[in-house]
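Dock chain one against chain two, each of which comes alone in its own frame, and use the hints as you go.
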Amino acid sequence: MKEPRLLFDRVWKKFHRGQLHDSLRDLITESARKMVGRGSSDRELDEGDFWAVKDLSFEVLPGTTLGIIGPNGSGKSTTLKMLTKILQPSRGYCEATGRIGTLIEVSAGFHGDLTGRENVFLQGAIMGMRHAEIVRKFDQIVDFSGIAESIDTPVKRYSSGMNARLGFSIAAHLEPDILIIDEVLAVGDMSFQERAFGRIRDLAWSGIPVIMVSHQLDRINELCTDVILLDRGEVVTRGTAQEAIAAYVSSHDAQRMVEGTGLVNFDSVRFDGEPTVASGHRIALRIEGHTTAELTDNIEPILVRVRSLRTGGLVFVTGSKWLGYEFPSPGKFTVCLELQANLPTGSYMVEVAAEDLIPHEDIASATSLMFKVTDERTFAGLIQLNAGFHTLSA
Amino acid sequence: MEQILTTPEAGIERPKRHSGATVRNPQTAPPPEVRPTILQDLREIVFDIRNCRDLIYQLTLRDIRIRYKQAVFGFAWALILPMAVVLAGLAVRYAIAFYSGRGLAQGQIAGMAIKAVPWAFFVGCINTTTPSLTSSISLVTKIYFPREVLPLSAILAQTIDSLIGGVIVTIALGFLGATMSAYVLWVPVLLALLWILSLAFGLMLSCANIFFRDVKYLVQVFLTFGIFVTPVMLDATMYGPVGSRIMMLNPVAPILEGLRLSVIRHHNLLHELNAPAGFLFWRPWYLAYVAAWAIGGLVVSALVFHRSERRFAELV
Numbered sequence: 004m005k006e007p008r009l010l011f012d013r014v015w016k017k018f019h020r021g022q023l024h025d026s027l028r029d030l031i032t033e034s035a036r037k038m039v040g041r042g043s044s045d046r047e048l049d050e051g052d053f054w055a056v057k058d059l060s061f062e063v064l065p066g067t068t069l070g071i072i073g074p075n076g077s078g079k080s081t082t083l084k085m086l087t088k089i090l091q092p093s094r095g096y097c098e099a100t101g102r103i104g105t106l107i108e109v110s111a112g113f114h115g116d117l118t119g120r121e122n123v124f125l126q127g128a129i130m131g132m133r134h135a136e137i138v139r140k141f142d143q144i145v146d147f148s149g150i151a152e153s154i155d156t157p158v159k160r161y162s163s164g165m166n167a168r169l170g171f172s173i174a175a176h177l178e179p180d181i182l183i184i185d186e187v188l189a190v191g192d193m194s195f196q197e198r199a200f201g202r203i204r205d206l207a208w209s210g211i212p213v214i215m216v217s218h219q220l221d222r223i224n225e226l227c228t229d230v231i232l233l234d235r236g237e238v239v240t241r242g243t244a245q246e247a248i249a250a251y252v253s254s255h256d257a258q259r260m261v262e263g264t265g266l267v268n269f270d271s272v273r274f275d276g277e278p279t280v281a282s283g284h285r286i287a288l289r290i291e292g293h294t295t296a297e298l299t300d301n302i303e304p305i306l307v308r309v310r311s312l313r314t315g316g317l318v319f320v321t322g323s324k325w326l327g328y329e330f331p332s333p334g335k336f337t338v339c340l341e342l343q344a345n346l347p348t349g350s351y352m353v354e355v356a357a358e359d360l361i362p363h364e365d366i367a368s369a370t371s372l373m374f375k376v377t378d379e380r381t382f383a384g385l386i387q388l389n390a391g392f393h394t395l396s397a
Numbered sequence: 002m003e004q005i006l007t008t009p010e011a012g013i014e015r016p017k018r019h020s021g022a023t024v025r026n027p028q029t030a031p032p033p034e035v036r037p038t039i040l041q042d043l044r045e046i047v048f049d050i051r052n053c054r055d056l057i058y059q060l061t062l063r064d065i066r067i068r069y070k071q072a073v074f075g076f077a078w079a080l081i082l083p084m085a086v087v088l089a090g091l092a093v094r095y096a097i098a099f100y101s102g103r104g105l106a107q108g109q110i111a112g113m114a115i116k117a118v119p120w121a122f123f124v125g126c127i128n129t130t131t132p133s134l135t136s137s138i139s140l141v142t143k144i145y146f147p148r149e150v151l152p153l154s155a156i157l158a159q160t161i162d163s164l165i166g167g168v169i170v171t172i173a174l175g176f177l178g179a180t181m182s183a184y185v186l187w188v189p190v191l192l193a194l195l196w197i198l199s200l201a202f203g204l205m206l207s208c209a210n211i212f213f214r215d216v217k218y219l220v221q222v223f224l225t226f227g228i229f230v231t232p233v234m235l236d237a238t239m240y241g242p243v244g245s246r247i248m249m250l251n252p253v254a255p256i257l258e259g260l261r262l263s264v265i266r267h268h269n270l271l272h273e274l275n276a277p278a279g280f281l282f283w284r285p286w287y288l289a290y291v292a293a294w295a296i297g298g299l300v301v302s303a304l305v306f307h308r309s310e311r312r313f314a315e316l317v
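Quick mapping for you: the protein sequence lines, in order, are chains A and B.
In our numbering, each residue carries its 1-based index in the first sequence increased by 3.
In our numbering, each residue carries its 1-based index in the second sequence increased by 1.
Check before you lean on any hint, since a few could be wrong.
[Unchecked claim] Covered stretches of chain A, as calculated for chain B (at least 3 residues, CB under 8 Å):
1) 88-99
2) 117-124
3) 130-142
[Stated by the list, open to error] Mimicking BS3-like on lysine-lysine, the simulated pairs with C-alpha atoms at most 30 Å apart in a straight line are:
4) A/Lys159 x B/Lys70
5) B/Lys217 x A/Lys88
6) B/Lys70 x B/Lys217
7) B/Lys70 x A/Lys335
8) A/Lys324 x A/Lys335
9) A/Lys57 x A/Lys88
Read the hints as simulated data drawn from the structure, not as lab findings.
Here the structure is a predicted model, which is why all the values come from computation and not from measurement.
The beta-carbon is built from N, C-alpha and C at its ideal position, and this holds for glycine as well.
Just chain B, with the same shape it has in the complex (with noise of 0.2 Å):
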């Protein structure tokens, strides 16, 4: 009751620090307006990312905090994903093998699985960073801070989330009769060519999806189906020689295939590789096409994400 209608200590006077120094009219004229270049624009990407190391640092944690926080299986479900589809794609592969009477070499099953985890992390990214500006409402029309953290740092929890997969992976293929060689120094390359890729869709995906709420279930309906447009339960050495051509125009395609050769095949990508079945598969230049996809995309959607931030607040 007492401090109720008490203000602090009345008495205590103001410190005058600037005398004089009051609130008046501004008397510099505005700077005219110039639009920033690209150039200018990645660099304060760039400076603003680097600029919040810590802030990005929280939100990954907060976002794999509370991903398996109330889970019971925790940091297993990580593993769910990559698992269900290597099941998945041994039903089909077995149907496929029982129908041309070839049998099922354990070489495929490696295959698959290889390539079920990157799969798994492009997914999640997908996933995630779309709805990252919109379900962060409160925060974007309330507290300034450069928005490209959002779905920078849901990749970068999704990417811890696919590391304990990728070595449980790593430790399977040894199992499964895949051995080392040195062409496994593609596989580096290979991921962070997907990373890039994820990066420069989920900047995208998210912020379209403030624009456009549409875009959330565009992204559920391309999940669900790139699955049969993307090589990951089967190669793309099975859809024939123009299918297989087709189909590495998906920029996912030549990473995951990419990663199979290298890895399973003792395959330099540096060199053409025919398919089982004769016809040229694997060019060069697919690794090129990707990075070009990776990229450019990056750069195209960092910009267009920059040059829309200030516009989020009112449209959310």
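Chain A on its own, in the form it takes in the complex (with noise of 0.2 Å):
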């Protein structure tokens, strides 16, 4: 059999805005023409139609996991339907080989009248799967989902959460040779979640190739070995999760950036050490550049700001100015900064600009930095408060 694999080779896809026909004129011609799937200008733009997906190339060998960033409308789950024969790319071939397990809307063939026994082997079918693997795979499906008590009530009487549940169960157990992934984990409450994610993560560390499209960063960071961040249907950046994410994670509040001053430049900047912190401690931050005059008063020439993958804010910003740092006269300049990672655990990215202060522009920035915080669960909460227990009187 051959390689499992998913192909885009030079994909566009047109669509419609706005009504399809606007005439009963138009409906008859246009309808006629796409009865006999001969759409006449697959190739050109008509009056309304927009690119949703332009001119996208990728291939998904076993053992890579490809994440799709980008914001709403930019063409991620396009892409997606594309690979999943739901829709037919208006230029180029797309192709995905082996049997493919898609992770979405996963209780989008549920029925409100039937049980949730009834449903599991209904949507199960639905998604390829045969009926004697269900009848095998039944019992870890209920399990996984933790709704056994209710398999045997009508599933309109669910709650969201429960139907999610389930569906996502049922998907769960398919046994994929490539794996689709829409934006399906954020299923049910926190302990369900962590629980689909580690499922998830099992599937896609199987060496299966799998595509995924998720606004949560941070599992895009952890899952994926490639990324790439679309706008408008085109590919922005593509490259490694860091890279992409923080290119996604700049533009989308951007400061406004101006090119070419050439004030401060920033040369290198990296972690001291293993980009891993355990929470409470410090990490430290190393940062080479040149400023070619003597900086008047409005430059920040270093600011730094950390951002939370898991919601893409700021969580810290702090500058040299701020701190009292007295910067170097111009030259070659070697920083270092020292952050205490006061943080819960996830995965965090660290900017370093120049800031113009008067009309508070970038004026130079530095590549985006990721890092992790771990924790032998010694807290839960927003931040690192640094707890001890001392024995004062026995």
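Following this line, the structure appears as structure tokens:
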């Protein structure tokens, strides 16, 4: 058998904005053309058309996980729909070889009047499982979903969370050759989410080709070997998870960037040692660069922003001026910045930039770095308060 | 609370199976676009459907289950439409019998009863298949499977439904004075033709309904008035020599009349038969005519369906 893979070769996809037909005359001629499968202009844009995906190419081989990120309407789901053969590319060629497992809309086939048990068989069949396979895995599926006591209740009486949990459990018990995941990581309550994510990670790491779309950037960062950042159907960045996520996060609440002042330049920014730190401990950043002239008062030469990848939001901002650090005079500089990671576990991103404080614009920025905070479950909460117990009297 | 801020065991490393296997631009040129031939398409349809046996079974089961869930009379509903047809037919025939002064024979009732269930089956098939794709929008736009299974399973569910009616009619026929003959062997042939014809119509209409929602209303109009141009309550012979020939152009008519003639009148359908009024009524080529409709229709509708299938999600 051929090696399972996902292939996108110069794929374009056109969509139409607004109503499909403007008049009865349009409708008849247009529909007649569509019925025989000869859209007049799969190649050019008609009025009201737009490209949902523009010239996208990739190949996902076993052992790799491709993440696709980007704002809403950037063509992520359209891409997945073309892979699962729901949509047909307007141009180009796409292919998915092997048995496809999709974690998309995991309870789409449910019928409210049927019981959970009946729906497991129905949804399983829709996802392509054989009857015998569902019978064999039925107990595992119900166990995983954690709703064993309601399995004989009609699904219409389920809460939306139970619905999604059952749907996910069915999908998670497919044994696919390739896996396609669209935004199903936020299913159910927190403990179920952890279980679900563990399952996805097991599947992804079992060596099959995986493609996933998610807004949970920390998950993307954890699972994906490669990431493509899409915006309005076009590839903005492709590269490692770090590069693409950094480009995405800093684009969506971007500080305006002024090109070419050349006043401050960053040559290298890196961590001293591994980019992993235990919660509450220190991590050091080494920043090298040079300035070309004496800095005026309105220039903040080193501004540091720390973001949580889970939310994309800023958790910490500081700068050399804020801390009263005396920046060395023009020329080369090598600065060490120490941060105490009083953070919960997760992935974080550090952006280093120079800013002109008067118009509030970045005049230089360095490659963003990511680091991971680990913890042996010594606390839960939003920040690490370095708690400690001491016996004062016995 | 404990899980809220923790990611699962950080530190586990991803096993590297294919070192160096990175996401890259495809190296292969796309295969040249070839339009599949009709034969390839048909083979693909058969292959798809065979691959989806379990799905068809589950969807059929779903359709049967939800039809009678929370319905007090349950499966008795499968009999309501055929019974209504027979009763309405009785009323019409009674009026005709009174007007012409000929009286109502028991054989006439049996002749109606045997046509009522197949007609109800046909109506049921059209009614359930036409919206079968549009009512599953969430499935069609989100999960891929051969879309043929939706109308197909609707027809299978209807088949199970009508089998119940069929059994009851068979029992009733005994009470209505019908007797057995070797010519009942025509029944499975005629029913098979009806089944294929229903599938052909079902595929075509469900597909058309995605493109034009008018189809749904058009179908309602046709089914409401179809009973007047199909020999269900009345026999085709009652429309006279010219009228009956026109009526038999309706592909369902020869099937229904064939059932009546073979079971009630013990007629071999390979022979011609004169109507009671004396004109030539049954022509053997009607069978070929219906077969052409059924099989030709199935091939055409399956092809149209298959070729427009991949546009469903966009146009639904």
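- [ ] With a C-beta cutoff of 8 Å, work out whether three or more residues of the region 117-124 of chain A approach chain B closely enough for the coverage to hold.
- [x] With 3 residues closer than 8 Å to chain B, the region 117-124 of chain A meets the three-residue bar; holds.
Open item on the list: Check whether the Cα positions of B/Lys70 and B/Lys217 lie no farther apart than 30 Å.
Closed with: holds, 25 Å
Open item on the list: Need the status of pair A/Lys324, A/Lys335: alpha-carbon distance at most 30 Å?
Closed with: holds, 18 Å
TODO: Mind taking a look at whether chain B covers the region 88-99 of chain A? Criterion is 3 or more residues with CB to CB distance under 8 Å.
DONE: With 6 residues in contact (Cβ-Cβ under 8 Å with chain B), the coverage given for the region 88-99 of chain A holds.
TODO: Assess, step by step, whether the Cα of A/Lys57 is no farther than 30 Å from the Cα of A/Lys88, and give holds or violated.
DONE: holds, 18 Å
Task: Pairwise hint evaluation, B/Lys70 against A/Lys159, where the allowed Cα distance is 30 Å at most - done: OK: A/Lys159 and B/Lys70 at ~13 Å, within 30 Å.
Task: Given pair status - A/Lys88, B/Lys217, alpha carbons within 30 Å - done: Since the Cα atoms of B/Lys217 and A/Lys88 sit roughly 27 Å apart, the hinted pair holds (cutoff 30 Å).
Open item on the list: Quick check: do three or more residues in the region 130-142 of chain A have a beta carbon closer than 8 Å to a beta carbon of chain B?
Closed with: holds (count 5)
Open item on the list: Need the status of pair B/Lys70, A/Lys335: alpha-carbon distance at most 30 Å?
Closed with: violated, 79 Å
Going through the hint list in order, the structure does not satisfy hint 7, though it satisfies all others.
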